[in-house]
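Novice: Here's the letter readout for the chains.
There are 2 protein chains.
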Amino acid sequence: MGEVEVSNKQVILKNYVSGFPKESDMEVKTTSLKLKLSEGDSSVAILVKNLYLSCDPYMRSRMSKLEGQYVDSFTPGSPIVGYGVAEVLDSSHPNFKKGDLVWGVTTWEEYSIITATEGLFKIQHTDVPLSYYTGILGMPGMTAYVGFFEVCSPKKGERVFVSAASGAVGQLVGQFAKLFGCYVVGSAGSKEKVDLLKNKFGFDEAFNYKEEADLNVALKRYFPDGIDIYFENVGGKMLDAVLLNMSLNGRIAACGMISQYNLEQQEGVQNLFCMVRKGIRMEGFLVFHHYHLYPKFLEMIIPQIKEGKITYVEDIAEGLENAPSSLIGLFSGLNIGKQVVSVTRG
Amino acid sequence: MGEVEVSNKQVILKNYVSGFPKESDMEVKTTSLKLKLSEGDSSVAILVKNLYLSCDPYMRSRMSKLEGQYVDSFTPGSPIVGYGVAEVLDSSHPNFKKGDLVWGVTTWEEYSIITATEGLFKIQHTDVPLSYYTGILGMPGMTAYVGFFEVCSPKKGERVFVSAASGAVGQLVGQFAKLFGCYVVGSAGSKEKVDLLKNKFGFDEAFNYKEEADLNVALKRYFPDGIDIYFENVGGKMLDAVLLNMSLNGRIAACGMISQYNLEQQEGVQNLFCMVRKGIRMEGFLVFHHYHLYPKFLEMIIPQIKEGKITYVEDIAEGLENAPSSLIGLFSGLNIGKQVVSVTRG
Chain U
1 MGEVEVSNKQ VILKNYVSGF PKESDMEVKT TSLKLKLSEG DSSVAILVKN
51 LYLSCDPYMR SRMSKLEGQY VDSFTPGSPI VGYGVAEVLD SSHPNFKKGD
101 LVWGVTTWEE YSIITATEGL FKIQHTDVPL SYYTGILGMP GMTAYVGFFE
151 VCSPKKGERV FVSAASGAVG QLVGQFAKLF GCYVVGSAGS KEKVDLLKNK
201 FGFDEAFNYK EEADLNVALK RYFPDGIDIY FENVGGKMLD AVLLNMSLNG
251 RIAACGMISQ YNLEQQEGVQ NLFCMVRKGI RMEGFLVFHH YHLYPKFLEM
301 IIPQIKEGKI TYVEDIAEGL ENAPSSLIGL FSGLNIGKQV VSVTRG
Chain P
1 MGEVEVSNKQ VILKNYVSGF PKESDMEVKT TSLKLKLSEG DSSVAILVKN
51 LYLSCDPYMR SRMSKLEGQY VDSFTPGSPI VGYGVAEVLD SSHPNFKKGD
101 LVWGVTTWEE YSIITATEGL FKIQHTDVPL SYYTGILGMP GMTAYVGFFE
151 VCSPKKGERV FVSAASGAVG QLVGQFAKLF GCYVVGSAGS KEKVDLLKNK
201 FGFDEAFNYK EEADLNVALK RYFPDGIDIY FENVGGKMLD AVLLNMSLNG
251 RIAACGMISQ YNLEQQEGVQ NLFCMVRKGI RMEGFLVFHH YHLYPKFLEM
301 IIPQIKEGKI TYVEDIAEGL ENAPSSLIGL FSGLNIGKQV VSVTRG
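As they're listed, the protein sequences go chains U and P. Going left to right, the first sequence walks through residues 1 to 346 as the UniProt record's numbering numbers them. Going left to right, the second sequence walks through residues 1 to 346 as the UniProt record's numbering numbers them.
Because the hints were derived from the structure by calculation, they are not lab data. You can take every hint at face value.
A few chain P residues facing chain U, derived, Cβ under 7 Å: (1) Tyr70; (2) Ala254; (3) Gln260; (4) Gly268; (5) Leu272; (6) Gly279; (7) Ile280.
Pairwise CB distance ranges, derived in the manner of DEER restraints: (8) U/Glu118 with P/Ser153: 25 to 31 Å; (9) P/Ile302 with U/Arg221: 49 to 55 Å; (10) U/Tyr70 with P/Glu318: 48 to 54 Å; (11) U/Leu293 with P/Ile336: 46 to 52 Å; (12) U/Lys210 with P/Ser332: 39 to 45 Å; (13) P/Ser18 with U/Glu23: 48 to 54 Å; (14) P/Asn199 with U/Asn216: 45 to 51 Å; (15) P/Ser332 with U/Lys191: 48 to 54 Å; (16) P/Pro303 with U/Phe331: 56 to 62 Å; (17) P/Lys210 with U/Phe288: 40 to 46 Å; (18) P/Gln124 with U/Leu66: 53 to 59 Å; (19) P/Gln265 with U/Thr344: 53 to 59 Å.
As a list, the in silico DSSO-like pairs of lysine-lysine whose alpha-carbon atoms are at most 27 Å apart: (20) P/Lys98 with P/Lys49; (21) P/Lys220 with U/Lys65; (22) P/Lys278 with U/Lys278; (23) P/Lys278 with U/Lys237.
Since we're looking at a predicted model, the values are computed, not measured. For each residue, glycine too, the CB sits at the ideal point set by N, CA and C.
So that you can see chain U by itself, here it is in the shape it has in the complex:
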């Protein structure tokens, strides 16, 4: 007892990636692990069974070799690090006990020993799908909340544009903005996603950016009087077109720029002078600087979920073997909604 050794599948980053990541940049390897923390070890840790892992676009940058930056690279030869939902199996930390459910930073494997427990939140509400803690109730949910309400300074009736609008964050920003009383338009990359935006998430309008010859023309169609708020998830050409269409004193929450992550050379944005001329504020933000707002966020969103006022679409891949393709699929938009990996099948 306590000495049970189990096999532990892991998703390993083989080497630093440049350009578009491929499945072969990762490998699924089986190691083994004792299902108990060593008693002689004085470091405080918890042993968890990972249930759900979160595929997030920001992870792409950690696959590159980064130097002198504010995020660390993943370590080649080691499992990928990311957000997930897990169950505590053993703990030497006074705040965690066997059976607790947590979300936060874990590693891409079946079982993990976590020492950086300050990156974990205990899950209190279990009458919602646990996978939600990788999305609507986790980091992406907080990102949408902080980005829209704190960064965009929205006012009722304002005109809001969201790119990558059916993604983990975008679908929430659009719904928050609608509930708040804004006019909301979203862009996405397929007919199916556009349908979701209009029919499931209640966006006022939506369009498939891949079918627009001129993004400037497309934006003018939906925003003849200008865009007051842009929730930026994609960067590049879309940002350039948006800048031309922003209103006086418009605000841009710079949440991500997924169109640029795999380019060796970033696309240049040419219309930044619009920021001067129209008094535009563009603001990047680091969601983990705002985690103190998490309880307030939960208080708002749990009832909205239960009352069906907010909905959330997930794309759940089953089995750790499918984690590499799920992560890579983000960059060609294969996912419909939040991309999650369920560690065990069905």
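Given the structure of chain U, go ahead and fit chain P onto it with the hints provided.
Specialist: Frame of chain U; chain P shown alone:
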């Protein structure tokens, strides 16, 4: 009496300009004018003698054909419109009387009839050079004040970088930042200007961007620990290099982008993703939205000028004939300090 007709030299924009403006895009023409407002005219106006005219980079965009934008084009065939200092000769406006001195929006000619009097400020302090109301005590002064104190949210000890740092706005931003307790570095385009920054305006460091093969390397030399605040006057390659060197939660006041104004195709800025990764805020601002702060600004700056705590360098061209070359000189950096035109010679 009152029917005296005088000659009135004007600087006319001949046609819309594209690319780099030339002296020949303007012409100096002599018309005539009665030195009295018509009594039969019911519109409220003032007749002024223009004393100083202000050459400002933003004027370049008004020389182009603009459509559906927040600034109007100049009217080809009519005198150029800009900031200036003037003396009231006649008035049908209850708030202005003969002999008043004003600064604000006037036209490039010897005498103007101004109906848009809401764009004028009455000059109360005359124990400073009157030309200062085109610069330190006028729109550029307010731009520096609002941009630094309101937009940049400075904290004592922060590291500030100013581009076009010897210009009308930059020289003040640097001095404000120094008085506030910041570390300040400026860039400019000649040895003479760099000397001014270090020896007259008290910048901690300064460099000639034209002599730097790699702006990123130059910025790393002066900001090994990153830039907290960037006061952006130039755009393009400098902005790209600055983005790489910004600190976490850095702020950029986007005041102007003079390097881009004469380009048919704007340079692309490639490092905007730094804004996401480092939580950077970049904010354009329209100084005239902040003119309610002018009395507060004067209260601060008039004593600083009188006590010699703040200095201001002007480059005064004499005679309206020299206005076109003075305006154009801004775009190749011919001016040393604030470019002013004295309407009458010496």
